[in-house]
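A.B. asks: Please put together the full structure from these sequences, using the hints given.
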Amino acid sequence: MAMRAAIARAFEELRQEWLRSIIVGIAILIVGWLVFYPLGIIFEMGLRAEGGSLTFAHYQRVLTEPGLVSALVNSIIISVATTAFALVLALPMAWAVARTNMPGRQFVRVSVLVAFVVPNFISVIAWILLLGPNAGLINVFVRETFGIARLFNIYSMEGLVLVLTLSFYPLIFFAATAALDNMDPSYEEAAQMVGAPAWRASMGIALPLVLPAIVASSVFVFLEAMGAFGAPAAIGHGARFHTLTTEIYELFSYPPRFELAAAAAAPIIGFTILGLILQRWVLGGRRFNVIGGKSSAARAVDIGWRRWLAFGYCMAVIFASVILPLLILLRTSLLSRWGLPISWQNLTLKNYAAFADTSTIVPAALLNSTLVSAVTASACVVLALIIVWIVERTRLPGRGLLTFTSTVTFAFPGVALAVGFVIGYGGPPLALFGTIWLFFIAFTAHRFPFAFMFMRNSIKQLSSEMEEAARVSGASWLRSVVSISAPLLKSGIVAAWMIVFAVTLRELSMAILLYVPGMETLPVAIYSFIDNGTFEIAAAVSVVLILLSIASMLILRWITGKAQMEL
Amino acid sequence: MRLDRLGGAFDDAVIGTKRHVRPGLMAKLEIDDVTMSFGDVVAVDRASLTVADGETVVLLGPSGCGKTTLLRLIAGFYRPTSGAIRINGKTVASPTLMVPPEKRTLSMVFQSYAVWPHKTVFENLAYGLRLRRLDAKTIASKVAEALATVRMDSYAARYPSELSGGQQQRVAVARALVLEPEILLFDEPLSNLDASLREHMRFEIKALLGKLGITAIYVTHDQNEAMVIADRVAVMNRGRIEQIGSPEDIYYRSKTDFVAQFIGLANVLDGEVVGATAPNHLKVRVERIGELVACATSPSDAARAARVLIRPEQMELTATPKPGMNTLKGRVARRSFVGAQTDYVIDVNGVALRVISPSRNADFQLSQDVLVNFAPADCLLLGV
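Protein sequences, first through last, are from chains A and B.
Under this note's numbering, the first residue of the first sequence is numbered 1, with each subsequent residue one higher.
Under this note's numbering, the first residue of the second sequence is numbered 1001, with each subsequent residue one higher.
Worth flagging that the hints you see were computed from the coordinates, not collected in a lab.
In silico SDA-like links for lysine to any residue, alpha-carbon gap of 25 angstroms or less:
| id | chain 1 | residue 1 | chain 2 | residue 2 |
| --- | --- | --- | --- | --- |
| 1 | B | 1119 | A | 466 |
| 2 | B | 1119 | A | 476 |
| 3 | B | 1103 | A | 464 |
| 4 | A | 460 | B | 1039 |
| 5 | B | 1103 | A | 482 |
| 6 | B | 1119 | A | 461 |
| 7 | A | 460 | B | 1120 |
| 8 | B | 1103 | A | 478 |
| 9 | B | 1119 | A | 463 |
| 10 | B | 1119 | A | 494 |
| 11 | A | 490 | B | 1123 |
| 12 | B | 1119 | A | 482 |
| 13 | B | 1119 | A | 486 |
| 14 | A | 460 | B | 1063 |
| 15 | B | 1119 | A | 462 |
| 16 | A | 460 | B | 1064 |
| 17 | A | 460 | B | 1112 |
| 18 | A | 490 | B | 1162 |
| 19 | B | 1090 | A | 477 |
| 20 | A | 490 | B | 1120 |
| 21 | A | 460 | B | 1162 |
| 22 | B | 1103 | A | 487 |
| 23 | A | 350 | A | 518 |
| 24 | B | 1103 | A | 466 |
| 25 | A | 490 | B | 1130 |
| 26 | B | 1103 | A | 19 |
| 27 | A | 460 | B | 1159 |
| 28 | A | 490 | B | 1159 |
| 29 | B | 1103 | A | 476 |
| 30 | B | 1206 | A | 465 |
Partner residues aside, some chain B positions facing chain A, computed with beta carbon under 10 angstroms:
| id | residue |
| --- | --- |
| 31 | 1103 |
| 32 | 1107 |
| 33 | 1115 |
| 34 | 1181 |
We treat Cβ as the ideally placed atom computed from N, Cα and C, and that holds for glycine.
C.D. replies: Structure, rendered in structure tokens:
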């Protein structure tokens, strides 16, 4: 009864202010369509038999056909291993940075942010150049110095886990440092007062308190590893194994088997939903910092000489995850052939000249990437402004569902979502496949949650009385939003735009399924250079992409004061 | 320092929008049996209130009592579930009709001030005037006038971040005044100020409202603030208006247990009416204490279970009985000297009575036997 009355009143309220109702209604329809249409398509496609009747045969084949089964098993093994190693790598660093007097804490924070900025399809280039079985620089060095055939073969499951771990550990590091930063140190101090040594106070008191954040970020790492495409494709190709994402990519290449691809995407979606449920469960009603950049609290634990041990450890991880890959990329991008030693006659800038050479795909890719990222960022921000306003400022029933819809694609692996978009927009009446419009739509659907979460944070900090004061001063709703709320949210809007722009710029796993020749983005271009072995051009394009990403991250940090994001 | 600078800011200021309307008979605002529910929660429950032109009514109650919801209903941020709101006899809100806030000829001072941080003080005030399409010269003079009223005229070019809390508060008041509204709404405007400034601002707002003769509805949970500012106070509890009356009325003639307890300190005793001694004077038997003579506010109070109210400062402690008074024998269970007054708890046969007595009166020590005296007229029968 009461529910019905509330709904009736909400609609009455909408009827009263028709302009607001139209804008609100359209925004809800767009978001709902963006998210649920591709997901619906995936499930519908996976259930469709040749004649159009209902069947579970495709799902059965995912569990019986040897190729698909091994892809599924590989994906699970790789994701579990990556999550475990990322935890081992990130947690001591996070504790040292957030809680101790280790030197160089701020440097570690910034470096890990850079590690996060380098996508796995780029870092994999560096690792192939370093640890390729025959020509990898480290393996060559080991062979020539110690006479051992090789130290490590990157073309293996272990190699893939190495690349993914170094790519995704920042997620756990950010969550753990943010949780530790935000935690009241008096809990630990209280434990010390009753006689616990510092490390014990941290393990016994701090760890349980930050555990939800750690579990939630581990879920993200697991899902990111499961959804990764670039590194698995590059390594799996050489090592002759498949993961679910590379298998889906195979099923899309000629002759395409869409039904099977849709069925193969189902386990990824299943794991995502399970992961989101797990996150919700461990976090309860709390929110979760994905990226925290708050400078360390004054109350640091003095760990004595061990702080140099911690420092050494952090430097080793940063060397492996940031400095070494970036140096190798830079080196390779400046060589005329990637296998050559560094000498004056081998150094060249011709790889960068690809950006001006219209006979390559690079200039078009740069243009496409910039255009797609800018349009996606703008669309996400406009949608987010309206949806966040509904969620935070109205009493419309179903706001919970709207919030869920607006955040659900956050953790969705791009490959799985792309399957739905390619099939759903592959033919009439929505034949957008092969056009840049499908890029806009798909990327907006995938990256909308970033804008939503950023804008929600900033609108939460803005008292609704600011708008109401405008209303009682004589402003209509639209006017109060345009002249009061929008200017006050400016930095939040710009920050949301920058983050969406930055993450879209480096998005490969969706683009790889959406593109047709001539529609490449920078990540797709890099991938195709890796695929045909022209590592030096791949490296040059990567260096530019990383610089663009770092620049947008810096702008973001500068705008928000701290790069912080909450879920 | 700050107080010196603010001293009497409103008192001798030039009042441009002076209208000198005395509280009259005309109903400026009528709240007619208004109910507001959010789902299952009834925030405002059948509230009725008529506010005369030029009158200041304070909505007083604890948090969650529905006072802010009622104010926001008047402002036009909510639509009532039932009932109607009329301004100047014209309906502005009912379940089927909703005039939006910007068309209600009222303005509001918000709890958080809501002074727009991206606009200067001048721009904050000019915003509403621009929407009314006034020319630049008129706007400038009206803004200057309103700022002078709150003594902020030298701050026109400042941004809100350069102002103190009290100054932002003044800007918020000026922004509401500059529009010359029919009704001015205040939503706990002083709750974010520190204690001494808050006390000072009460008197300023009172003086300002008196001078401008403007109709005002003022929401607060602070009873002292309510007493200072109100012509009439409406005490709210659980969405209902429990009592409306002058500050003296609701203090000395509280009608319900809740009002008695919420306004000042109160001793409330459960008893039973057993007879009458004179018209309006009833005998009430209170368990463990005995019979008291109490004063009934309405004649129908006779012969039923009853509750009596005695204010702590209306009781006198003596060593010998006083004639014509209710006199109870007790013993001092707690004694706290707090300056001008001494705060006692007297144990009367197991019932604790709070007594506040001027410190210059006879002093009694802990555990000393003492008599508690109070006049029948100060012993008030409450509705149960």
